[in-house]
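Sequences are here, hints too, so could you generate the full structure?
The listed protein sequences derive, respectively, from chains B and U. Its first residue numbered 1, the first sequence is counted upward by one per residue in our numbering. Its first residue numbered 1, the second sequence is counted upward by one per residue in our numbering.
In case anyone wonders, no lab produced these hints; they're calculated from the structure. Please note: incorrect hints may appear among the correct ones.
As the list claims (entries may be wrong) - Straight line, CA to CA, 27 angstroms or less: simulated BS3-like cross-link-like pairs of lysine-lysine:
{"no.": "1", "chain 1": "U", "residue 1": "K30", "chain 2": "B", "residue 2": "K30"}
{"no.": "2", "chain 1": "U", "residue 1": "K7", "chain 2": "U", "residue 2": "K83"}
{"no.": "3", "chain 1": "U", "residue 1": "K66", "chain 2": "U", "residue 2": "K37"}
{"no.": "4", "chain 1": "B", "residue 1": "K45", "chain 2": "U", "residue 2": "K66"}
{"no.": "5", "chain 1": "B", "residue 1": "K45", "chain 2": "U", "residue 2": "K128"}
{"no.": "6", "chain 1": "U", "residue 1": "K194", "chain 2": "U", "residue 2": "K30"}
{"no.": "7", "chain 1": "U", "residue 1": "K179", "chain 2": "U", "residue 2": "K7"}
{"no.": "8", "chain 1": "B", "residue 1": "K21", "chain 2": "B", "residue 2": "K45"}
{"no.": "9", "chain 1": "U", "residue 1": "K128", "chain 2": "U", "residue 2": "K83"}
{"no.": "10", "chain 1": "B", "residue 1": "K30", "chain 2": "U", "residue 2": "K66"}
{"no.": "11", "chain 1": "B", "residue 1": "K45", "chain 2": "U", "residue 2": "K13"}
{"no.": "12", "chain 1": "U", "residue 1": "K175", "chain 2": "U", "residue 2": "K13"}
{"no.": "13", "chain 1": "U", "residue 1": "K30", "chain 2": "U", "residue 2": "K229"}
{"no.": "14", "chain 1": "U", "residue 1": "K66", "chain 2": "U", "residue 2": "K229"}
{"no.": "15", "chain 1": "B", "residue 1": "K45", "chain 2": "B", "residue 2": "K10"}
{"no.": "16", "chain 1": "U", "residue 1": "K83", "chain 2": "B", "residue 2": "K30"}
{"no.": "17", "chain 1": "U", "residue 1": "K194", "chain 2": "U", "residue 2": "K179"}
{"no.": "18", "chain 1": "U", "residue 1": "K83", "chain 2": "B", "residue 2": "K10"}
{"no.": "19", "chain 1": "U", "residue 1": "K128", "chain 2": "U", "residue 2": "K13"}
{"no.": "20", "chain 1": "U", "residue 1": "K175", "chain 2": "U", "residue 2": "K37"}
{"no.": "21", "chain 1": "U", "residue 1": "K7", "chain 2": "U", "residue 2": "K229"}
Unchecked claim - Listed next, with one range per pair, are the computed distances between beta-carbon atoms:
{"no.": "22", "chain 1": "B", "residue 1": "K21", "chain 2": "U", "residue 2": "Q219", "range": "47 to 53 angstroms"}
{"no.": "23", "chain 1": "B", "residue 1": "K30", "chain 2": "U", "residue 2": "Q245", "range": "35 to 41 angstroms"}
{"no.": "24", "chain 1": "U", "residue 1": "Y230", "chain 2": "B", "residue 2": "R43", "range": "24 to 30 angstroms"}
{"no.": "25", "chain 1": "U", "residue 1": "L141", "chain 2": "B", "residue 2": "T14", "range": "52 to 58 angstroms"}
{"no.": "26", "chain 1": "U", "residue 1": "G151", "chain 2": "B", "residue 2": "K30", "range": "30 to 36 angstroms"}
{"no.": "27", "chain 1": "B", "residue 1": "L9", "chain 2": "U", "residue 2": "Q145", "range": "43 to 49 angstroms"}
Note that CB positions come from ideal geometry on N, CA and C, so glycine has one too.
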Amino acid sequence: MIISINGELKKFETDTLTVQKLLETMQFGKGIAVALNETFIMRTKYNETNINDGDRLDILSPVQGG
Amino acid sequence: MNNRNDKWILEDKEFDSRLMIGSALYPSPKIMEESIKASGSQIVTVALRRQSAGEGGDNPFWELIKELNITILPNTAGCHTAKEAITTAMMAREVFETNWIKLEVIGNQYNLQPDPFALVEATEVLIKEGFRVLPYMTDDLVLAQRLADLGCSTLMPWGSPIGSGRGLMNPYNLKVIRKQFPELQLIVDAGIGKPSDAIEAMELGFDGILLNSAVALAQEPVMMAEAFKYALRAGRLSYQAGRMQERDMASPSTPTVGTPFWHQFN
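The following block contains the structure:
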């Protein structure tokens, strides 16, 4: 499947992928929050949230702000 | 009135300083840290942006901010729709472990003017979701009423566009909002360029100031942060003390009784 991660397309050789598995595979840090197709996914739901072909994932972390 | 013990109750917290400071645009992380400390501010604004894969758990910026041990106010900067702002606020609540949100929904790219319609829409949803919404807004009286009706206890009208440093463009509008909403906490957010702008806002009766560029882009940010610390105190004391009445005619301050004959006019 092909999914968009932070605006970049990435191909995965699998048909079943959870948010949890993706974060581990791609080595994202702990202080992050996730949105799937512009909808917030709670940390406690990572394991049970499946990612499908064509999905858009945004993974955000703290930065400077005004 | 005991002005020496002027605690500020904002939302569900108490502060000594009425200055809220941003964490962006400083020449270096060290200068950011020193500036925040020098400002005396107990509230710092932060944001969320995309993280690159493989970065692991390291986030030196966030570690530095946490070590300051002050209140975190996440923003929704960069959002252009209510939905974007709502999603970003929810992500911020999880990452920063706070239900405070500086709600920012931009409606125009030229002057980064907040979109009042999207702001109201997002505020309504977020308050129902348990957020304490601190809306960044234009200095519009009717918008202020709508946001207050939704349950906002803090409003943050702009002084002038973000990063412009133009000070208070419409003091009249700010004054009217102050007069109409004596029970709300009012903060001038955006546009402050120098300490005297902050004093002007505080003398209008505003409860606090949120700024970033005025310190971060100063020639000496740490020194400017300290200048703002004193400016807010001066402005607040001035407001509480109550200024003298303006007069058209001069009035001598030195006693006129006993004036020697050579100073007397016929």
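Quiz item: What hints, given by number in increasing order, does this structure fail?
Solution: 2, 11, 20, 23, 24
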